[in-house]
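*Asks:* So the sequence lines, in the order shown, correspond to chains Z and D. The opening residue of the first sequence carries number 1 in the working numbering; numbering runs sequentially from there. The opening residue of the second sequence carries number 400 in the working numbering; numbering runs sequentially from there.
If you are wondering where the hints come from, they were derived from the structure by calculation, not from laboratory data. Incorrect hints may have been included.
[Stated by the list, open to error] With beta-carbon atoms standing in for the labels, derived distance ranges:
#, chain 1, residue 1, chain 2, residue 2, range
1, Z, R15, D, K439, 45 to 51 Å
2, D, P561, Z, N313, 55 to 61 Å
3, D, M525, Z, R15, 46 to 52 Å
4, D, N529, Z, R160, 35 to 41 Å
[Said to hold, decoys possible] To give a feel for the contact side, a few chain D residues facing chain Z, derived at Cβ under 8 Å:
#, residue
5, E431
6, D435
7, H450
8, G451
9, G495
10, G576
Quick reminder that beta carbons are idealized off the backbone N, C-alpha and C, glycines included.
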Amino acid sequence: MDKVETPDTLQLNDRLAKSTSWFLGAGILGVLLCGFGYYHNSQEFFASYLTAFSFFLAIALGGIFFVMVQHLVRAGWSTTVRRTAENIGNNLIVMSVLFLPLLLGVHDLFEWSHEEVRAVDRLIQAKAGYLNEPFFYLRALIYIVIWCGLGSWFLRTSRRQDESKDPLLSIKMGRASTFGLVLFALTLTFYALDWIMSIDAHWFSTMFGVYYFAGAVVAFYSFLILMMTWLRSTGHARTSINMEHYHDAGKLLFGHNVFWTYIAFSQFMLIWYANIPEETLFFLHRGGDWKWVSMLLPWGHFAVPFVFLMSHNVKRKPWLVSIGCAWLLAMCYVDIYWLIQPNFHHHPHFGIADVGSLLAVGGFFMFFLVHTMRQAPLIPVGDPRLKMSLSYNNGIPKK
Amino acid sequence: MSNQSAAASAKAPLFGVIAEFGSPAEVYHAAEKVRDAGYKRWDVYSPFPIHGIESAMGIGDSKLGWIAFFGACAGVFGGFGLQFWVHKFAYPLLIGGKPMVAYPAYIPVTFEPGILFTAFATLLGMLVLNGLPRFYHALFRSENFRKVTDDGFFIGIEAKDPKFSVESARALLESIGGKNIEVLED
């Protein structure tokens, strides 16, 4: 294959690499705050930590989802941004380490794991075939192994293609994506059921897995566009990642945000309409003082971004769309916060453990991500579809 | 050929002047020059879409988005309004212990006319903006123009253009590399 010439900086420069010390600092500060939070109230701490962990996990899972879908449909446009997604997906390795503290919190988080509850609670007894500790830990191990395997394999294979320029590797990654996506869907769904839905083991929703998935993909696209802006504003890949890629990433963000709304509303609508006590309990817990957080989701997660991101004039302006993405990313955190925290607090509560967990998980997440980005070119330079991506055009007239 | 056409133009109204180009790149660069010459009523004809031709022709954003948007608004407000009016005023009926105006239940029905009216507005708007349906077009008078469905790339400058004259349009098309130039009656 011909060597693709771009005038771009494709290796991470010092200006961006310097940020690692800040992220490491944030991570360590976060750990200290977490320690403080843990000794203050361990249950509160684990709830906060699970919130922050599930949020960053959603971004990393969105990364491997994006990579696999692009391979599966043999997309040309996305090649230059795919490396960033591969780097984000590879972060599932650091997420598996950050997962370990949660194993200490199972008894704080999950009522079903208490012997005395199980002894008297008929519903939890009935679910014990699935919700028992050995099986629960085994499942967690399976998720972690699959995630680390997928996340690192796609990055490694793509990096190998940087050197060898072998188009057969693209076909191989396409084939792996078929099985990969099935494993992805199952592990993500069961993670959401195990670690978020089973906090309230009496309640159930058949849409819960896809709800977490929909939010995860929105979080990922928001994060991806922010990363694109960060890379470009520090002088990387300025022509390889251009307005056409912003436009398409923006369209996918917009579409998936509508998909999230569709799933969220469908879940609410069915429960509200049927009005069965064991189901409506979920929304009862999220009324009262939690109501303004609940109302923030339809307005802040859907309505405002829907109007804001609709025009292509916004999607094609990096700073403008990045503001929308930062907002949506915050809303994705609110969404997961809203899923987990009302189980532990009667009132919305954002304390030192929440700040500490966000800093700890986010700091190490970003530290590892920048470290990964440093090791290889910022776009897949050996991909046979790179030229398609570089010359991609949405057909929007220049003003 | 061109003499015949010029003679014909004396007695019948003109459609305009068309010229053939050899490749998408040639027609692309020729389009930029027609645009820069200040013509407004003209078009590029090609067997397949040419990336970036809108910019080369100086075409702005399509108005279709706005037409679709107003269709969507009509559907959304109409759909919601109908349900609201029925449940609040026309035929109030208590259902399942919900409030009379139980707006979450209205959302699916609001959504559907929103989609339906958007689709209608988009389709009809597209037809109107493209001047369709049309059973006759002056371009079909040209034998040579038939290539446009296979391997021919054409530019046609229309007589409706305020700057149009047969001589100047022909001279421009010749100067930018057009071949087989024809003057077509309407």
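*Asks:* For every hint, state whether the structure bears it out.
*Replies:* Hint by hint, here is what the structure shows:
1. Z:R15 <-> D:K439: 45 to 51 Å: holds (48 Å)
2. D:P561 <-> Z:N313: 55 to 61 Å: Distance hint for D:P561, Z:N313 is violated at roughly 30 Å.
3. D:M525 <-> Z:R15: 46 to 52 Å: At roughly 48 Å between Cβ atoms, Z:R15 and D:M525 fall inside 46 to 52 Å, so the hint holds.
4. D:N529 <-> Z:R160: 35 to 41 Å: violated (49 Å)
5. E431: This interface hint is violated because 12 Å lies over the 8 Å limit.
6. D435: Result: violated, 14 Å to nearest chain Z Cβ.
7. H450: It holds, given that the least Cβ distance between D:H450 and chain Z is near 4 Å, below 8 Å.
8. G451: holds (6 Å)
9. G495: This hint holds: D:G495 lies near chain Z, its Cβ roughly 7 Å from the closest one there, short of 8 Å.
10. G576: Because about 23 Å separates D:G576 from the closest Cβ in chain Z, which is outside the 8 Å limit, the hint is violated.
Checked against the numbered hints above, the structure violates hints 2, 4, 5, 6 and 10; every other hint is satisfied.
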